[in-house]
Amino acid sequence: MEIGAVIKHDIKKAPKTGDWRYMKPEVIKEKCVGCGACVKYCPEAVIETIDRKQLTIDHGKMSKVKGQILSNEVAQIDYYFCKGCGVCANVCPEKAIIMKKETECVKCGMEAERE
Amino acid sequence: MRNGSRERINFIIYIKIYTSVMNNNKTKNKALTGGAAMAEAFRQINPDVMPVYPITPQTPIIETFAKFQAERIVETEIIPVESEHSAMSACVGSSAAGARTVTATSSQGLALMNEVLYIASGLRLPILMAVSARALSAPINIHGEHGDVMGARDTGWIQIFSENVQEAYDNVIIGLKLAEKTMLPIMVIMDGFITSHSVENLEILTDEKVKSFAGEYKPEKFLLNLEDPVTFGPVGLPNSYFEFKIDQGKAMERVFDMYKKITGDFHTISLRNYDLLEKYKSDDAEQIIVIAGSAAGTAKEVVDKLRNEGKKVGLVKIKLFRPFPHKEIAEALKNSKSVAVLDRAMSFGTTPPLYSEIVNSLHGTYYELLITSYVYGLGGRDIFQKNIEKVFNDMINGRYIEEEKYLNSK
Chain A
4 MEIGAVIKHD
14 IKKAPKTGDW
24 RYMKPEVIKE
34 KCVGCGACVK
44 YCPEAVIETI
54 DRKQLTIDHG
64 KMSKVKGQIL
74 SNEVAQIDYY
84 FCKGCGVCAN
94 VCPEKAIIMK
104 KETECVKCGM
114 EAERE
Chain B
29 MRNGSRERIN
39 FIIYIKIYTS
49 VMNNNKTKNK
59 ALTGGAAMAE
69 AFRQINPDVM
79 PVYPITPQTP
89 IIETFAKFQA
99 ERIVETEIIP
109 VESEHSAMSA
119 CVGSSAAGAR
129 TVTATSSQGL
139 ALMNEVLYIA
149 SGLRLPILMA
159 VSARALSAPI
169 NIHGEHGDVM
179 GARDTGWIQI
189 FSENVQEAYD
199 NVIIGLKLAE
209 KTMLPIMVIM
219 DGFITSHSVE
229 NLEILTDEKV
239 KSFAGEYKPE
249 KFLLNLEDPV
259 TFGPVGLPNS
269 YFEFKIDQGK
279 AMERVFDMYK
289 KITGDFHTIS
299 LRNYDLLEKY
309 KSDDAEQIIV
319 IAGSAAGTAK
329 EVVDKLRNEG
339 KKVGLVKIKL
349 FRPFPHKEIA
359 EALKNSKSVA
369 VLDRAMSFGT
379 TPPLYSEIVN
389 SLHGTYYELL
399 ITSYVYGLGG
409 RDIFQKNIEK
419 VFNDMINGRY
429 IEEEKYLNSK
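Going down the list, the protein sequences come from chains A and B. Quick note, my numbering runs 3 ahead of the 1-based positions in the first sequence. Quick note, my numbering runs 28 ahead of the 1-based positions in the second sequence.
Don't read these hints as lab results, they were simulated from the structure. We put the beta carbon where it would ideally sit given N, CA and C, even for glycine. Incorrect hints may have been included.
Stated by the list, open to error - In silico negatives: residues of chain B with every beta carbon more than 12 Å from chain A: (1) 84; (2) 228; (3) 229; (4) 237; (5) 240; (6) 245; (7) 281; (8) 297; (9) 312; (10) 350; (11) 393; (12) 399; (13) 408; (14) 432.
Claimed, not checked - Derived DEER-like restraints, expressed as beta-carbon distance ranges: (15) A:10 / B:437: 46 to 56 Å; (16) A:103 / B:378: 53 to 63 Å; (17) B:377 / A:47: 38 to 48 Å; (18) A:13 / B:269: 15 to 25 Å.
As the list claims (entries may be wrong) - Listed next, the in silico SDA-like pairs over lysine to any residue satisfying Cα-Cα at most 20 Å (straight line): (19) A:11 / B:253; (20) A:15 / B:263; (21) A:15 / B:256; (22) A:11 / B:258; (23) B:307 / B:351; (24) A:86 / B:262; (25) A:16 / B:257; (26) A:11 / B:121; (27) A:15 / B:251; (28) B:246 / B:279; (29) A:19 / B:259; (30) A:34 / A:96; (31) B:414 / B:426.
Here chain B stands alone, though its shape is the one from the complex (with noise of 0.2 Å):
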């Protein structure tokens, strides 16, 4: 009776808390899809140009922030292009002259753009661009897949992975001040449909929040500027282009110390942590999974499955793959005995994309342990509990089958 009354006061002090704390943020809990949530955090960043060409399953972003702009709610200039290498040039073009940029793509979108991509980052530029990620033909997917941003992977630009709905709405504020304090491009990425499409409960930061978080973009150098011109891509040859090239790289490792200074800014606004990788019940833990993505949801349901069965199991999500925290990641996998990767995509003629980034920030550590990889979800195709219950498994008994490597394929 005496316990349970205290509890019973734990709980209303509990409620008491909460409720202030939510009160003082004002925040407002929605159910949103992916898209729209991206969307949502574009119209409180109410950036001035949006260069966009739709694709699926991209579209939900660009149908739901339109609206806002046709309401006038925004006063965003949408420039509805014929492509999107045109809608990449069109954002290098309004970037370089000083406007806040945005955009959004998928799949055989995000290839089109690629070349121009490199002219983005090469001109430091920060245009954020949020990503559903899809499969790239041919056969031809619209699907859920990793394959696009892989492809991606060293245009220079800054990728962030979102896990759910209430991420990619929180990795688009967070992405926009990464991309402008850093100079550089981001992807802001979620998975296509899984993420993109599916309704979410999620908890929205106030306007006035998020516009001061965002603050107003002023470039040092920009082509509107009368009193200081400047040229925008000129010649680099043989005597200049290097340096170029190893001050983007440069750049490139900055936004680590960045990201942290911004997470904790934008924890102390929503109370959400941010760290460069999530570790789920991975520091004890002796057989661990890495993954990116929609589907280390899925992995936590089985770390827990398999926790309650007394194994000692852990999860390491990744966030920022590119610049990629090698160090970040050798220091979480140290303990363990045994790690299996799980990627969305495939490198062919070599091993997979995120497995070669985990062996790559293993090696030189001594730490004993054994790496396998896996590849799942090609081309939407679904990943279950049961499958990565058998990866955990395989690393409990010490089995690996290089023909099982396919999760859930025929």
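Just chain A, with the same shape it has in the complex (with noise of 0.2 Å):
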């Protein structure tokens, strides 16, 4: 038996509590400046900063909008355990992450019947 109920932690196993979330945050990546203050503040720890080239972007555009690339980094959020509380929206200096109603659903990825 496990003392004090400590187990070995399995994403795979764990509830996605993603699957609550209502209003969802969305990251700008254009003006995402990857100061990394989402990252401390999200209470659940699901946002990360990532190499910019890990994704998709227009560097071209990212250089129209702000003059300069300021940062190879760039948030990610982590939508399975989200649960779209909005304290990274509030808190980004650049107002880089928007809050939107939630689509779709997290676990079968149907639209919600919400709107």
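Join the two chains into one complex using the hints; note that each chain is given alone, in its own frame.
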């Protein structure tokens, strides 16, 4: 028996709390400067900054928006576990995260009945 | 003349042995309050994290320790939280993360922590908490009493009582190791104000000794171990919760053996004995008082006084209260004719906590002895030698009046 019920972590068995979400935060990649403020504030620890190259975004477009690329990093949200609290959108200094209404179910990918 | 010189030689030899023992151990005598002594033990342990919220009479502990931290004598991270509930929550977090964690509290603070105390013991986190026992409101009272710690007696924490400043200091060092070896949280308890604020002489061990005794904290599983990721506090529904609680109960039973082993090791570095209970002239005693905490000192004086008068009286002092050493208590009391249990707390609607435990210990033993219950010192009310003497005399005369069970009450 595990002492103190401290069990081995298994992400596959973890309940996907993302399906509790009503509002969905979306990162506008062109605006994100990769400062990491949302990473620190996220109460569910589901945001990380990843290399921009891993995302298929247009670097030319980015430079047009800001004049220059400020960071190689960009925020990415794990939607399987994001509960949509909106803290990240509130703390983002670039207003690069916006809250939208959830449109599809995390579990099955079906379009949600709600608008 | 011959005898006199022999005595003198013996005395000189004694001094030599004594000083050589002292030099070997490099112990240091200091005059400190109970709070400062506990802070001194914390300094020598140098814990990783101390989330803490101030409350009288715990304040001398954090006051002294914060000074050490401000002067960078310790590397501890003190987290000044917004309440005791948060303090204990932060303790759970930091201990689960793998840090050696200590805290301190009293009275209302301990009551506010209550919810999280069960989580700490359920997760089997070896948190060390210094408790300066104090009365609970209402009416509001800041003085020494055991009401607060008795309220937390079923939280799954080890509870250990200290009689004086020396014991408070030693129990912190013993307690830390006991907690980490048994993976159970521990409360090291001293009496508010009576011990926490009064200056007494004590023997401080060297830093190196405490350091090597405490060792390094190596938890088996912790959150910051990325090689072995674990989940703390998962859901335990009817199909598993029961077994985890049985396991926790068994862990509590293993505390006795570990306590004996650790105090044995502690004896080698300090030359101080810590048994499960302290038996003071109780082996051949006909009347015995059972007591916990600082009032044991006063009671020992009374025992000495009555022994000089030829009365066979004795005292048994409780150290470990959780887990409670039922067998040892029954063994210690078996030769007596009558036993008086002195509680510094009440349990409303039933008998006082310590008395209940003693009765429980003697159940089914067939020893013919009379057990009586007394309550003393609530809200910091003084207890005098004459009050304890009265208890002994009552026992000797076979007299017990229910109305007189509250010692020194008006």
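Hint by hint, here is what the structure shows:
Distance check for residue 84 of chain B against chain A: the nearest CB is about 33 Å away, which clears 12 Å, and the non-interface claim stands. Annotated as non-interface, residue 228 of chain B keeps its C-beta farther than 12 Å from every C-beta of chain A; the closest such distance is 38 Å. A cut-off of 12 Å between C-beta atoms confirms that residue 229 of chain B is not in contact with chain A; the least separation is 40 Å. The claim that residue 237 of chain B is not at the interface with chain A holds, since no C-beta of that chain comes within 12 Å of its own (minimum 30 Å).
Residue placement check: residue 240 of chain B keeps its beta carbon more than 12 Å from all beta carbons of chain A (closest about 26 Å). The claim that residue 245 of chain B lies off the interface holds: its Cβ sits roughly 16 Å from the closest Cβ of chain A, which is beyond the 12 Å cut-off. Interface exclusion of residue 281 of chain B from chain A stands, the closest Cβ pair being 15 Å apart, more than 12 Å. Distance to chain A confirms residue 297 of chain B as a non-interface residue, since its nearest Cβ pair spans about 29 Å, more than 12 Å.
The Cβ of residue 312 of chain B lies farther than 12 Å from every Cβ of chain A, with a closest approach of about 44 Å, so its non-interface assignment holds. Listed as outside the interface, residue 350 of chain B is consistent with that label: its C-beta sits roughly 18 Å from the nearest C-beta of chain A, beyond the 12 Å cut-off. Chain A leaves residue 393 of chain B outside its interface by the beta-carbon criterion, the shortest separation being 34 Å against a cut-off of 12 Å. Residue placement check: residue 399 of chain B keeps its beta carbon more than 12 Å from all beta carbons of chain A (closest about 37 Å).
Annotated as non-interface, residue 408 of chain B keeps its C-beta farther than 12 Å from every C-beta of chain A; the closest such distance is 37 Å. For residue 432 of chain B, the requirement that its beta carbon stay farther than 12 Å from each beta carbon of chain A is met, with the minimum near 47 Å. Separated by about 52 Å at the C-beta atoms, residue 10 of chain A and residue 437 of chain B satisfy the suggested range of 46 to 56 Å. Between residue 103 of chain A and residue 378 of chain B the CB atoms are about 59 Å apart, so this pair conforms to the stated range of 53 to 63 Å.
For residue 377 of chain B and residue 47 of chain A, the hinted distance range of 38 to 48 Å is satisfied, since their beta carbons lie about 45 Å from each other. Our hint of 15 to 25 Å for residue 13 of chain A and residue 269 of chain B holds, since their Cβ atoms are close to 20 Å apart. Restraint check: the Cα-Cα separation between residue 11 of chain A and residue 253 of chain B comes to about 12 Å, which is no more than 20 Å; the hinted pair holds. Pair hint residue 15 of chain A plus residue 263 of chain B holds up; C-alpha atoms about 16 Å apart against a cutoff of 20 Å.
At most 20 Å may separate the alpha-carbon atoms for a hinted pair to count; residue 15 of chain A and residue 256 of chain B meet this at roughly 16 Å. Taking the CA atoms of residue 11 of chain A and residue 258 of chain B, the gap is near 4 Å; set against the 20 Å cutoff, the hint holds. At most 20 Å may separate the alpha-carbon atoms for a hinted pair to count; residue 307 of chain B and residue 351 of chain B meet this at roughly 18 Å. Using a Cα cut-off of 20 Å, the hinted pair residue 86 of chain A and residue 262 of chain B holds, with the two alpha carbons roughly 19 Å apart.
The hinted pair formed by residue 16 of chain A and residue 257 of chain B meets the criterion: a straight-line CA distance of about 14 Å does not exceed 20 Å. A hinted pair counts as satisfied when its Cα atoms are at most 20 Å apart, and residue 11 of chain A with residue 121 of chain B qualifies at roughly 17 Å. Distance check on the hinted pair: residue 15 of chain A and residue 251 of chain B sit about 18 Å apart at the alpha-carbon level, within 20 Å; holds. For the proposed pair residue 246 of chain B and residue 279 of chain B, the alpha carbon gap of about 18 Å is at most 20 Å, so the pair holds.
In summary, the hint linking residue 19 of chain A to residue 259 of chain B is supported, as the alpha carbons are separated by about 15 Å, within the 20 Å threshold. At roughly 10 Å between alpha-carbon atoms, residue 34 of chain A and residue 96 of chain A fall within 20 Å of each other, so this suggested pair holds. Proximity of residue 414 of chain B to residue 426 of chain B is assessed by CA-CA distance (about 18 Å); at most 20 Å being required, the pair is judged to hold.
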